[in-house]
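Novice: Build out the structure end to end from the sequences listed, making use of the hints.
Each residue of the sequence shown is one higher than the one before, counting from 6 in my numbering.
Calculated directly from the structure, the hints in this document are not laboratory data.
Since the structure is predicted, the reported quantities are computational estimates derived from the model, not experimental observations.
Heads up, a few of these hints could be off.
Said to hold, decoys possible - Ranges between beta-carbon positions, derived for each pair:
1) E64 to L89: 33 to 39 Å
2) N25 to F46: 18 to 24 Å
3) K88 to N22: 32 to 38 Å
4) W102 to V23: 14 to 20 Å
We put the CB at the ideal spot given by N, CA and C, even for glycine.
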Amino acid sequence: MHDFAGVGVNQRDEKGNVLNVKEIRLSLARMVIIDELPFKFVEGEGFRAYSRALEPSFEVPSRHTVARDCMKNFIKEKRKLKKLFKSERVCLTTDTWTSLKNLNYMWLLHTG
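Specialist: This is the structure:
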């Protein structure tokens with residue numbers, strides 16, 4: 006389940022060029038997270054048309070697949086943070102804010 010295991014790494018497009026499907030799906034998951042998009046965004050006709058225009062051979066994943074990809078990304082980042090916090094000395098700085106969608110966030114900076 007972790008780190009996009011089982012995702013085909015490469016796929017060829019109509020011209021024989023190699024696509025890195027794993028990287029495309031990771032980028033899509035990050036876009037959904039960063040832009041606070043609903044998972045169903047990827048099933049919208051506008052997004053699918055846009056994706057076909059960029060790369061006709063890439064099959065846009067379902068909202069369920071994107072949700073799983075977001076969770077995989079979260080788990081990967083969580084592991085990185087746990088590893089980072091295992092060091093002996095840690096200095097933390099925080100900042101909090103509310104997004105335009107009225108969601109609360111906390112930013113955490115680690116140095117040490």
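Novice: With reference to the structure, classify each hint as holding or not holding.
Specialist: Hints, verified against the model:
| no. | hint | verdict |
| --- | --- | --- |
| 1 | E64 to L89: 33 to 39 Å | holds (35 Å) |
| 2 | N25 to F46: 18 to 24 Å | holds (22 Å) |
| 3 | K88 to N22: 32 to 38 Å | holds (36 Å) |
| 4 | W102 to V23: 14 to 20 Å | violated (41 Å) |
Consistency note: the structure conflicts with earlier hint 4 alone.
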